[in-house]
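Trainee: Okay, here's what each chain looks like letter by letter:
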Amino acid sequence: MSITVKNISYHYDNPGSEHSGRQVLCDISVSFDRDSFTAVIGPTGSGKSTFIQHLNLLLRADQGDILYDGESIYAQGYDRKKLRSRVGLVFQYPEYQLFETDVLSDVSFGPKNLGLPEDEVRKRASQALLQVGFSEADFHRSPFELSGGQKRRAAIAGVLAMQPEYLILDEPAAGLDPAGRRELFDMLGELHKKGGVGIILVSHSMDDVAKYADRLIVLNEGRILYDATPAEVFSHGKELESIGLDVPQAAKAAQMLRNRGISLPEGLITMEQVKTAILDHFG
Amino acid sequence: MFRDITLGQYYPGNSIIHRLDPRTKLLWTVVYIVTLFLSDNKYSYLACVLALGIMIFISKVPIGHMIKGLKAVMIILIISILFNLFLTEGDKLFSFWIFTVTRQGVRRAVFMALRLICLILGTSLMTFTTTPNQLTDGIERGLGFLKVIKVPVHEIAMMMSIALRFIPLLTEELDKIIKAQTARGADIETGNFIKKAKAMIPMLIPLFVSAFRRAGELASAMEARCYHGGKGRTRMYPLKYGASDYCFMAAMFAYLAGIIILKVFLQ
Ligand SMILES: Nc1ncnc2c1ncn2[C@@H]1O[C@H](COP(=O)(O)OP(=O)(O)OP(=O)(O)O)[C@@H](O)[C@H]1O
Ligand SMILES: [Mg+2]
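So the sequence lines, in the order shown, correspond to chains X and G.
For what it's worth, the numbering used here labels the leading residue of the first sequence as 4, then goes sequentially.
For what it's worth, the numbering used here labels the leading residue of the second sequence as 44, then goes sequentially.
Where hints are given, some of them may not hold.
[As the list claims (entries may be wrong)] Derived pair list, reagent style DSS-like, types lysine-lysine, alpha-carbon separation capped at 27 Å:
{"hint": "1", "chain 1": "X", "residue 1": "Lys126", "chain 2": "G", "residue 2": "Lys222"}
{"hint": "2", "chain 1": "G", "residue 1": "Lys274", "chain 2": "X", "residue 2": "Lys9"}
{"hint": "3", "chain 1": "X", "residue 1": "Lys214", "chain 2": "X", "residue 2": "Lys197"}
{"hint": "4", "chain 1": "G", "residue 1": "Lys222", "chain 2": "X", "residue 2": "Lys85"}
{"hint": "5", "chain 1": "X", "residue 1": "Lys197", "chain 2": "X", "residue 2": "Lys85"}
Hints are computed from structural coordinates only; laboratory data are not their basis.
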């Protein structure tokens, strides 16, 4: 169940715009499997959102190929619907896709489109809603009267209900409060570990990706700059800064301590790691 | 997907025509339409075509780009040509099956086609060389005299400019919504008409919800900045006629007079 991206390039055709015809993705090759929790980072306009839309065929590359499970998704007669149910994509600010009269029916939209029987649809929908932290009491509320964070979770449930093998999320935590972010990421971590769902997410928060991801892909101007573990990527602090990114707060704190002569090991990127290292140093 | 929808496409440029006051261009459009309908012989048609040709030439809008705009009305154009060609009584040129083509028919078909093409190209030259904002400004100022008879000119112009501003936003939004629903397995590309129409519901409801939300937000934003209608409102860039506007208008009235003379004397 792996996704293999081979040398894809893409440009938008926009008659009116001055950027028309510019390459947004250049020759990207990468592969994903379900065991990893991957984060895609990169400065604004680097092509992250464009890239992830290729993985479930919402956009089609100009060149190159994408294999799902060894089979080209560009092949004639490839079942797009099936692909989209296996590679679930949650857009940035997904709450604007809600449209039904109650939360449960909205979440049922995905599985219903897969042509599943009614009771299976309900089962998957309620399961997905419970997974994202809804209680049964909220199932029949109108999606439009939920709070922003609840809407976000309802929208994620809408994709989860299709029981995808991969879950791709575009800045899922944007606009959430700290508790909301934590809950969301914990839920994704759980989904990954227990549910065996491969996670690919786009994020602008270095701290979040340091804490949760086990693989980082750095995009810049449509090309892959790094593809490695977070610790390794964040060891290139200078390079990241030059393209408008940063290292996590914890890595900065560790560096400051090192500058003050406290010898901490390299590659500390989360607060947890820094804390243990300091305790080890003095303990 | 839906980003290609453009309305009154502005063709960026810096020609004399682009820099004219929008009111001058509005007046030109009206005058040009009037002359087209005054024309009834080959000399005046020639003058109309020539005037349009000169305008297009100095506006520097590529002619191919302008002709693209004709595609939308191609069917109307063809139908009107055929009707005029076959249904005009007069001296028979030739006939086949049940159709008869007359000399007058050919003449009327040619003139009709010319008139339609000039009408469309002449009016679209206005939108090609004027940004929507300038256009609404021009309408507001140019039609200001209607306020005397209680036509809410300012409000109409404001609605127009907001609507124009919203079109790209909404198409972008629709594009996003369609993608998001497609990712949930929605399918608007296959199936019969009823199935497709039904499949549009999950796209349209969020679109309307977001349109209303945006409208509400915009209204609050306008009120927060003390917008209270057009009364007493001054402008950052007041419209002013320049020397080129006066020259252009002189040429325009000379052209109008010429067409009238041709009409009167070549009866
Ligand atoms: N629908 C579109 N039409 C034309 N150009 C687009 C479109 N969407 C994105 N672009 C352009 O493609 C480039 C990459 O955009 P993309 O949305 O993939 O960036 P991103 O990395 O997701 O940025 P952000 O972090 O701001 O979300 C940008 O330069 C953008 O202007
Ligand atoms: Mg993005």
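Trainee: Of the numbered hints stated earlier in the document, which are not met by this structure?
Mentor: 2
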